[in-house]
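2 protein chains.
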Amino acid sequence: MSDRRTQILDAAAMLIAERGFTSTSVDEVIKGAKLSGKSHFYHYFKSKEELGYEVLNRQFERFAERGLAILREPMIDPLERLSLFIDAVVALQAESGGRRGSPFGNLAAELADAHEGFRVRIEAVFERWASQIRSLLWEARPQLHDDVDAVRLSRFIIAALEGAVLMTRVKRDLSVLEGIAIDLKRFIGMHVRDGSTLPQGRHVD
Amino acid sequence: MSDRRTQILDAAAMLIAERGFTSTSVDEVIKGAKLSGKSHFYHYFKSKEELGYEVLNRQFERFAERGLAILREPMIDPLERLSLFIDAVVALQAESGGRRGSPFGNLAAELADAHEGFRVRIEAVFERWASQIRSLLWEARPQLHDDVDAVRLSRFIIAALEGAVLMTRVKRDLSVLEGIAIDLKRFIGMHVRDGSTLPQGRHVD
DNA sequence: TGCGTGTTGGACCGGGTGGTCCTAGTTTAG
DNA sequence: CTAAACTAGGACCACCCGGTCCAACACGCA
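Chains as they are written, first to last, in the working numbering: chain V, 46 to 250; chain F, 46 to 250.
I should point out that these hints are in silico values taken from the structure, not numbers from a laboratory.
Treat the hints with care, as some may be off.
Pairs count within a copy or across copies, as identical chains cannot be separated in the list.
In the SDA-like style, the derived pairs of lysine to any residue whose C-alpha atoms are separated by at most 20 Å in a straight line are [unchecked claim]:
(1) Lys-93 to Thr-67
(2) Lys-93 to Arg-64
(3) Lys-76 to Ala-159
(4) Lys-93 to Ser-68
(5) Lys-93 to Ile-75
Go ahead and model the full structure; you've got the sequences and the hints to work with.
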């Protein structure tokens, strides 16, 4: 992919994360990417909408590098990986001081009702996360209680994290997310067989 | 408060819930409230921003009628009330088929970064919820383990519910919220002393 | 009788929106 | 060498935005 294209995508991703999709204008993206004018932009993207879709894809890929890679890591105990994944979410938020939030959650809240095209794409993103967590839970099933519902638990984990990130953003306080991460790990630990180790890291009350 | 004012507020609340604040225009509100023109609108509100603030207040009051009233209900066991509160959130979402989402969560995601005025008001809303749940947990402390952290648990409950509502909206599937509600109740049950009853309603796996 | 409040309806403003079109010069790959 | 892709810059479009101003009328209350 061309340099300029990724340059535009990066600038757009930043602006959309800051202001949302509808409140980000094409002109601002052009300014941010230091393009010469509109024609330059429309040489690469046929519409603002298409730009939004590609930004979403790119955000997912970037997140996949850091988050999903951890979930897949074959050399680490699956439940330990899950714990590391949660830590990674916290760390990612810490980078922006808990101000930025989840790019998917933000877009979801902004556009789920209004724009079907975005809705289905965001749904797909969440589904890919959920399926990754499900297969991790499947892998961990010897350590888990027999009645663990992987579908439900995976959804719960994602919902708790998305909600936590949102609350953190509103309160401008990273410790909200950290606290919820602790509780979430304890909840996951609840599903672990008594004989197994609880990979929840140090648990400070 | 005058009839017309509430009429405008209602129309605005609906539109903002559907499309978000920035994507809702004053003209649309005027059309929705069947006003004669802009001067009519600006007779009641000095700006779109002020309208937004009042809509937020109203949404909170309306929610308080249904949600916070349950949390305060003095004749019911506190943990039972918490369970009923969660059920009420599910029921509220069911009314819109899980499409509408939380008016606070939506605005939070849309405006937390961009608009400080809204951010602090939404923060206050969440804080009032959290404090209500905290005092409920305080009331229930004889039934709870000694090491229960009420601040953290109240935040967790709100985050899980907000996240659940968002996921439900994205997936357009109410059962997502229902499943998370079940898990959330189980998580709360985790904090209950072994001798006490677990007021989580019927628990279907 | 007047005065304040509500109602109607429209003209108007500066500024922004996504998007098109056109011309022309510069790279780069076949 | 030539064609296609890229860069540049600006004019222009119809439309929407929040907000102001004005003139006129209806109403109940003092």
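(request) Would you pick out the hints that fail for this structure and give their numbers low to high? (result) none
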